[in-house]
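Colleague: Model the placement of chain B on the given structure of chain A, informed by the hints.
Okay, here's what each chain looks like letter by letter:
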Amino acid sequence: MDTILAGFSDAFTLSNVLFVLLGILIGQLFAAAPGVGSLIAITIAVPYTFYMSPVAALGFLIGINKGGTIGGAVSAILMNTPGSPEATASTFDGYPMTQQGKARKALRAAHFSSVTGDTLSDLVLIFVAAPLSMVAMKMGPPEMAAVILVALVIIAGLVGNSMIKGLIAAFLGLFMSLVGMDQSTAAERLTFGIPELMDGISITAAGIGVLALGEILRQIVFSASLPRLDQKNSESVKSGEPFTWQDFRTILPTILRSTMIGTMIGAIPGIGSSAAGFLGYTAAKRASKNPERFGKGEIRGVAASEAANSSVVGANFIPLLSLGIPGNVAAAIILGAFLIHGITPGPQLFSEQPRLIYSLFAVMLIGDLLNLITGLFTMGFFARVIRIPLTYIIPCVVVLCITGVIVADSLFDAWLLIAMAVAGFFMRMLNFSFVTFIIGYVLGPMFEEAFGQAMIMADGDPLYLFERPIACVFILLAVVVLVSLLRQHRRAGRAMAVMK
Amino acid sequence: MNARIVDLSAGVLVTLAGLFTLFYLIPQHISPSLGFGLSPRAFPYLCAAAITVLGVVLVVVSARDRALAERPAPVSRAALTRLVVVLAVLVLVLALMQWVGFLAAASVAVALLMLLMGERRWLPIVLTSLGWSLFLWVLFDRVLGTPLP
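So the protein lines, in turn, are chains A and B. 79 is the number that our numbering gives to position 79 of the first sequence; each next residue is one higher, with no gaps. 5 is the number that our numbering gives to position 5 of the second sequence; each next residue is one higher, with no gaps.
Just so you know, these hints were derived from the structure itself, not from any lab. Think of the CB as a built atom: it goes at the ideal place given N, C-alpha and C, for glycine as much as any other residue. All the given hints hold, so there is nothing to weed out.
Partial chain A-side listing against chain B, Cβ under 10 Å, derived:
| hint | residue |
| --- | --- |
| 1 | I164 |
| 2 | L172 |
| 3 | F175 |
| 4 | D182 |
| 5 | T185 |
| 6 | L213 |
| 7 | Q219 |
| 8 | F222 |
| 9 | I394 |
| 10 | L400 |
| 11 | I402 |
| 12 | V407 |
| 13 | L411 |
| 14 | I418 |
| 15 | V422 |
| 16 | N431 |
Simulated coverage check for chain B against chain A, where a stretch passes if three residues somewhere in it have a Cβ under 8 Å from a Cβ of chain A:
| hint | segment |
| --- | --- |
| 17 | 17-30 |
| 18 | 77-83 |
| 19 | 135-147 |
With the rest of the complex left out, here is chain B:
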């Protein structure tokens, strides 16, 4: 895959998203004019139309740009896989926060991310994850009185 294919795909995606917004999202999920002032749909239509047109322009420009074809794609499959893993950690942490609370979930988050970034020594992982989470919990939940999950 090269940068031209990535840009073309991005252009097509933006155009399709623009069309979907114009013909489905706005008519279905924004109330029509209430008879006074500017319709709540007016500005969203303007933005969505601009996004659609610019998406088409991006497709045309990318298709004509030969230099782009010689550049490598900005994201590799390996990078995307790693992104999915990091996102899985973040989703797990937010889900954990609802079930077991902030302190445990935040400690797990720091520990897993340190592991993902290459730290393998257990003592720094345990000390950093517990110390940082405890600090934030004490500061917000106890000192400032902002309840954390």
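Next comes chain A alone, as it looks inside the complex:
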């Protein structure tokens, strides 16, 4: 109990609360602007956390992640263009509500649903992560290596539309993480005599390059043109029908159902917020007595999508904190930030740094509260922000990416950043999952360490594996998942061919 209180008191300092607040505002702003998104914001923000204490840094990044959950709905509802992919299902009923002059009500429904879903999933995380980590503590290197393998196979299969390409991306990510000095023998690997490569390719260059600048390159190359917010829709944000207590009571069962769906999906690595949004929406439509109203401005549709996609955010931390495996790419970037600040997430964190864990939980709850409060004032402001054209935003974000890498690393890493951005661009174009690549890259050192230790323990005896039943089960699971997902992809391909 003392540890919990100490952790919470560490979090409740003015500077930490201000950093969480700053993160939330940045997350809301980036997510509201179509074409940028909160993921890009988190990635770019990582190098700037070098100036902060670990709790403030994590609070800041978590704040961006949380802010993004409500910001993404703004352009989805007002312009029929989701600010981030996970808000896609919010357009189905959000935009029709705007057209009916109910933009104010839709935005507020999205806001309350997001914050409720996110807060409930944080509570699940707080109660589930510690017991899960106790189970995970009993796992040795062979089990850990097997768990990472299962996670990579699942992520490769579920993200993107080609299992093979997903696996190639995962192994490319793992391979990229090997550049630099070998952690156990101190041997140089693929440094080509360049001293700057001795520390490997930094997470900032790889993350910002592949995730942020790669996407921005795509937008510049294809000159993404977005619809403009018309005056009538903009005005209905202020003067339209208000959101009432009765509305909240109407959507509460939908929020709770979607939160359950989103939390379960978030706890499984790889599925992500977009799928949760769609599944939440579909479940709400099925459960409704008037399913025909969905797609025509039904408030429950907005609530279902927003609660489901937001509840993924907290649940993504369940595998991260209990196993050290990120549930999605935002969690992978936050894992990178953990490592930069000298913290290795995983089951041992609960026994080695319990105070930090409870500080982390506290900043999450602070973030939920601030997201609720700030959203009351910022949603209307973002209706004006989304009018800023991309021709202004994107060039500024490019310079911000380059500056972030120079500040965190060096000018040499800025060259690596451009190389990684080109890789990110082609991964997007050719459907090689950049999500799997980054997760492979972040998990690489952990996977190699667990694999190396398992090999040493086995001492060259392949039958050793059979002495580790849990590892056997996980490897078997990896094979089963691989085969079933391959079949699923094949069936989907055939179905598409038949449809054509």
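Modeller: This is chain B only, laid out in the frame that chain A set:
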């Protein structure tokens, strides 16, 4: 060009890169076993072997997938040309940063990218490029004391 040719080419490229890594990069650029622990080459070999095998699988799968042949290629020549232009701007900006410093190079970057994205009014270009670069320079170089080039 169609999506099948693009996927086939990607598969061939991945396979060749995997073979190059297996037979040249790892033997030439990673030290052999030091006699203790796992060899520094072991995990790279494992990854490179997996990439090579998966590259071959991608070639086979793409060659057999007839539906792919009916889809257009995901990247056109015009898009690639535009990519080269954007990359040239980024390379120029990084080179400029070494010669003339952050402030001037960042201003040039914002201005050129705004032009590339279709902005033609000089006043917004000048104000945005100078204002944003100056803001970042003051924040990092002056306030936070992180020297920028």
